[in-house]
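**Q** This is what each chain is made of:
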Amino acid sequence: MNDYDRDEMMTVAAARMLWDGCVTFVGIGLPSAACNLARLTHAPGLVLIYESGTIGTRPTVLPLSIGDGELAETAACVVPLPDIFSDYLQAGRVDVGFLGAAQIDRFGNLNSTVIGPYAKPKTRLPGAGGATEIAAHARQVFVVMKASPRSFVAVLDFQTSGGHFEGRGKSGARGGGPTVVVTDVGILKPQPGGELALVAVYPGIPIEEARAAVGWPLAVAPQIETIAAPTRNELAALRALKARTEAAHREPVRLPI
Amino acid sequence: MNDYDRDEMMTVAAARMLWDGCVTFVGIGLPSAACNLARLTHAPGLVLIYESGTIGTRPTVLPLSIGDGELAETAACVVPLPDIFSDYLQAGRVDVGFLGAAQIDRFGNLNSTVIGPYAKPKTRLPGAGGATEIAAHARQVFVVMKASPRSFVAVLDFQTSGGHFEGRGKSGARGGGPTVVVTDVGILKPQPGGELALVAVYPGIPIEEARAAVGWPLAVAPQIETIAAPTRNELAALRALKARTEAAHREPVRLPI
Amino acid sequence: MTEFLPLSEAIAKHVPDGASVALEGFTHLIPFAAGHELIRQGRRDLHLIRMTPDLIYDQLIGMGAARRLTFSWGGNPGVGSLHRLRDAVEQAWPRPLELDEHSHAGMAAGYRAGAARLPFGVLRGYIGTDLPKHNPNIKSVRCPYTGEELATVPALNPDVTILHAQRADRRGNVAIEGIIGAQREAGLAAKLLIVTVEEIVDELPPAMNGVLLPHCTVGVVSHCPGGAWPSYAQGRYARDNDFYLRWDDIARDRGRFTEWMERHVRGTSDHRGFLESLRRVAA
Amino acid sequence: MTEFLPLSEAIAKHVPDGASVALEGFTHLIPFAAGHELIRQGRRDLHLIRMTPDLIYDQLIGMGAARRLTFSWGGNPGVGSLHRLRDAVEQAWPRPLELDEHSHAGMAAGYRAGAARLPFGVLRGYIGTDLPKHNPNIKSVRCPYTGEELATVPALNPDVTILHAQRADRRGNVAIEGIIGAQREAGLAAKLLIVTVEEIVDELPPAMNGVLLPHCTVGVVSHCPGGAWPSYAQGRYARDNDFYLRWDDIARDRGRFTEWMERHVRGTSDHRGFLESLRRVAA
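Residue numbers (our numbering), protein chains in the order written: chain H, 1 to 257; chain E, 1001 to 1257; chain F, 2001 to 2283; chain Y, 3001 to 3283.
Chain H with its partners taken away, still in its complex shape (with noise of 0.2 Å):
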């Protein structure tokens, strides 16, 4: 069973993070990919939210972009999005948060606003969206990103979203902050102080490689888990609800006129 890229590595890991029940804000990519395949397998009652103000879709393929119709059509209900942000997520009953970024701290604060100076970027990213208020309320947040010295930073250009950040527990932030980074390396957990450790590699990944992707001197756990390669039935139901979504997505839509 090596027949599996990283990506599919990634996306298993991060969905057997979550359990039956879980009530999860989703983004769109490797998030959408991870909640939707627990959902098909171990975890039938995940309770998906999309910050479009889709409550508990159930989509048979992947959204391209957050508001996708189908998410509307399969949804318990359909809220107006300022209610997804006060009376769910600032409220506490958002279980699991995921989030990426372009850069990332030892800390697990996040950056996806500006490279360079914010007054005069070099590279201007999408910003904040759901995120400053998803690290701050959901209970747990869990980020995933692709390791790379260029990624994961000694210092962030800018700081969107708060991780483990000195003065956090007095800041009114509710949820309890990233409590895992899962990169196509390995799996990265906060130590007491709140500083991310490799805690887990993959299969045939070496420690040393995880450290090479990391921009900082990265702490290792003692013991290193190895996770389990994908399993048969993951890997089925991960690509056949990808390949569903390619299909849907080829289908032609015509202009409406």
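If a hint is listed, it holds; no wrong ones were tucked in.
Reference excerpt, derived from the structure (chain F facing chain H, CB under 8 Å, subset only):
id, residue
1, Pro2206
2, Ala2207
3, Gly2210
Treat the hints as calculated values from the structure; they're not laboratory data. Glycine included, C-beta positions come from ideal geometry on N, C-alpha and C.
Dock chains E, F and Y against chain H, hints included.
**A** For chains E, F and Y alone, coordinates are given in the frame of chain H:
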């Protein structure tokens, strides 16, 4: 055409003041009768908002409560009650709000809270409900009350809702306050300075009767209008509405068992 | 996970003496059956919260269950006074009742803040009224942009909110249709939400933009047909306006009130028994 | 009274140079046709407001229509960057663009405050982020009950909000179905609300608890079938995900972008012409 009673005269007088397209915040009782009479006669485009959350209702009978099922069934839409108060009333979208009360003073301030001291009342009344913010934010307030020296008083026991009180202009109130007080003996309007004066009487009711029904020395406008008696058409529409209402409310309700 | 419990167990397990409890529903879907169960179980010292106390709070107050009342309009809609509420406030019978009195707009802002887990709500309210003189909970805040002073109310976060709704599914999703008042906000503001429902179905149709309380917001569901009577359930049964009129007579007199409550509420074992006892009277 | 106007007249009459304009719709029902009409009429110095700028704001910004942008997430959803937005921020091309940058939760609070005509919104937000260092509009207020410090945003009250919806009736009531994002709040927050609709019907069915903007909240209705493309209208046509992908190529290059806009938007007289010009390319 002398076969009408004072209630009918008041209702018709109030109804005539409403215009087609006017957005009204309606209370139960005489205001509801006046609004629906207007809608069924000269103002078919009147927009009725009940605080229960129904917007654009077109009931065929008068509701007994402010949340009767027919209001929902005939509404353009039903929204949460908090939206009514924030996005419609506070936002300044209500042209006319109707109010009644147990007591009114010469500036159109109203009491619907207590007779006697607040902490140890002689009579505990229902309280503010929507009245305080209707008085503050409706563009105009129409007060409808039967006149008597017990209810038209020199000094309120408690001010529940503000009329033309001192400092209204700087109070944050967005609306214009009471523009008319419809009583069973005539019609009062605020004069410059805010004090109410008698501006109109009904056929056959002398000014002296109106003055005697008010517990302060009532100012009288230089010119007193005499309101036209209800027309045959108005009376017919009002009585048909009331007959339909009584018939509907006489229908026995079965216990849900 | 939403619990499914008979109403008597839901109340016994989750609503202790002294709790703050909101039974919401604006004219429509008032959870009468749940209120009666609080009376049957002899709850004491409750902090009752409700925009429009209505008959069910008249009954709770008259039976001595309440220590404090947070409210904005306390009358019998379209009829007149709530005599038991009046008697408690005017004569402290059967016990004194503290009032935390608001306007509708203020209570709506308090529930909304509670639902969002903000500590306070802001409104352009309580203008030209004596209410703030008598209620220290009404304060103000200055707008950091315009310098304007705006009224504030503390967030309302009841220990338990009880709602009545038309339907729930077997996972605990609750669907409501019709006038909803502040039900949604009061439900989401609660530490625990209990919902009594007319019917439990295997699966609700997709609600799209309708009103649904997702199961992750619902603590307990109790099947309780007719549980809103004499209030109503849109599409199921109508408001018993006649009973609201008759209540005026029943509640006017302490003795008659007590007798009625002993016979129909405390003398019956559940909501079905309550309705049956009334049917016998009517027959 | 709601006005019924062709889109070109609605824009000509109600959206002057320099206006603050919110075109809302979260992925769904984005008012593309209205945005194109702003470009056709050569609007300048607009203050554009929108949670997720999307392609339509990329086009407006790239054509030099905007002076300032209030937003919370500026990307091509599921695809990547908005190249014209980036070019304006990074290189001031074709002109500099002021940013008033927020989080989604902050903008939602701003729209909600705007809809309620409160001067500011409160949220437990902007925690652990550098945004307040760069946006002086993000301030704070102290809770008068708990002493906690909470973030505030100024109310958003656009001069004009433009929405796209499925249906309006002849009085100007507007019915929306599906994902609504902050459309309702942005619409009610506006000094004037313009709605383009797929269809105008004699009478809408009663909406009960659905989403309806009553005619007294709607300033102008314009009939504009297909007006959300390449976004979508639930129940009418699907999101053209493929166009969102293709836009990445078109917008990456200043020349190619300008040529595309001149040909398809400025070179057509209305939305039907725009769609037809694209059909010819596809054929």
